[in-house]
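Protein sequence lines, in the order shown, are assigned to chains A and B. Heads up, the final residue of the first sequence is numbered 371 in our numbering, and it's a clean run with no missing numbers. Heads up, the final residue of the second sequence is numbered 134 in our numbering, and it's a clean run with no missing numbers.
These are calculated hints, taken from the structure and not from any lab test. Watch out, some of these pointers could steer you wrong.
[As the list claims (entries may be wrong)] No more than 30 Å apart at the CA atoms, straight line, and that leaves these computed lysine-lysine pairs for DSSO-like: (1) A:K367 / A:K264; (2) B:K79 / A:K87; (3) B:K27 / A:K87; (4) A:K367 / A:K57.
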Amino acid sequence: MSGTAPAQSTHPAAHPAVGVSPLMRPHYPVGIVGYGAYIPRYRLPASEVARIWTDGKGGLPVREKAVPGLDEDVATMSVEAARNALKRAGIDPALIRAVWVGSESHPYAVKPTSTIVAEAIGAVPNTQAADWEFACKAGTEAMQAAIGLVGAAMARYALCIGMDTAQSRPGDALEYTAAAGGAAILIGPAEESLATISASYSYVTDTPDFWRRPDDSYPSHGDRFTGEPGYFNHTLSAAKALMEALETSASDYTWAVFHQPNLKFPQRAAKMLGFEQEQTAPGLLVGDIGNTYAGSCMVGLTGILDITQPDDRILMVSYGSGAGADAFDLTVTDKVLERRDGAPMTRDYVARRTEIDYATYTRYRRKLRTK
Amino acid sequence: MELPRHWRLQNQRYGLVGEVCDQCGVKLFPPRDVCPSCAEPAHEQYTFSGRGQVYSHSTVYSAPAGYEEYAPYTVALVKLDEGPMLTAQLTDLGDQEPEIGMPVEMVTRRLRAEGEQGMIVYGYKFRPVMSQGS
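I would like the entire structure built from these sequences, with the hints used as guidance.
Structure (structure tokens):
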């Protein structure tokens, strides 16, 4: 109305400080109420890939990788991780208002994985459900959205899953590492959480390091963009921006976990940020299970939550090709001690291991044409 | 195409949801709405724990249509902790031989796919029990 002063906005998001800081903080405090891992039991040693394609010569980026069984896919693996998260959380699944599955290997091109998962865990029908896509950070971007949903009090709980059965062309460098596994993270109010999340930050550019066109079975990679312009620029930029804004350094964190495409990259990124090897050891699973893509740093986080103590602080940084990185600042609460025994530990899944050879691998991954 | 049948059964198949008799408390799987024990109506849904034991088992080498790619696989009669006996595939055996009395737990897995273009059918299978924390 003319002649009257504009009404003062009372919306917290309209506060000038929210626009100035690149950090994303929820209005109401949130955290992780439950978590669950899943890793299939079959393992293909990297030496098997080398035996077939390089006469056994050359260095190996990991020791072995996890391979899904014939009856497994991202939906079945997500269901088990979600059930583990619910066992730990001990909540009624009917209170979940979002079931989000991040992956680049959804079983259907069109038909959500998330509705299958929501149905199987008893979260239907009063829930949002969606599949997320952003290469290896599809799961953590769902976490950021869930922080917003719960942080705005639109929902009490939101379930975020990062899970993959990663594809790789036979003979390609990715065949050594492209693995299966991931984790489910249930976001909820901070006072119910086993780890609170104070803030997150996302760093994104258009970088052509890795992609897969809709009708292709296998991804392609833009070799020279993989290392420095892709993984390191985004991972380090996200971690540094988060730590600068929070005025923290590597020594303020008990643990750190990064996206793990191979053993070398996360170890180098950690070192460049000032982390010691001991800080990343419990979450560094890539050597034993391979690169689980959208599941990678989330399943690493579950490995840390299995052994962490109250008040420990954790830095988590995902990386997704194309490209972007999400960084999270977490603080563990005493609830972790009573909840973590409620489901199988991540190390139990790592230890549950049946070695297969390359021939069995080609059958399990349906690489053999039978008609 | 058996879309309606798969859809109708998905609740019990995904999560092992049966029924409990209001009168005598017997747990039923699959759900059948009338208690076979006391002949009273049983409408209350009941989600089974998924824990049980192998009662008997057999390995299938010559699989029926739709299951060929999984052969050989092991089918078992599983006696659930809550009482009912059901037939299901065992999975994730790895190098382990199935045994009568083996403790097993329910997992949701792919049962079959309706050809290259058709829908994927999910349902319960059982695997050797994993340790629960340590």
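Here is what the structure says about each hint:
no.: 1; hint: A:K367 / A:K264; result: holds, 28 Å
no.: 2; hint: B:K79 / A:K87; result: holds, 23 Å
no.: 3; hint: B:K27 / A:K87; result: holds, 22 Å
no.: 4; hint: A:K367 / A:K57; result: holds, 24 Å
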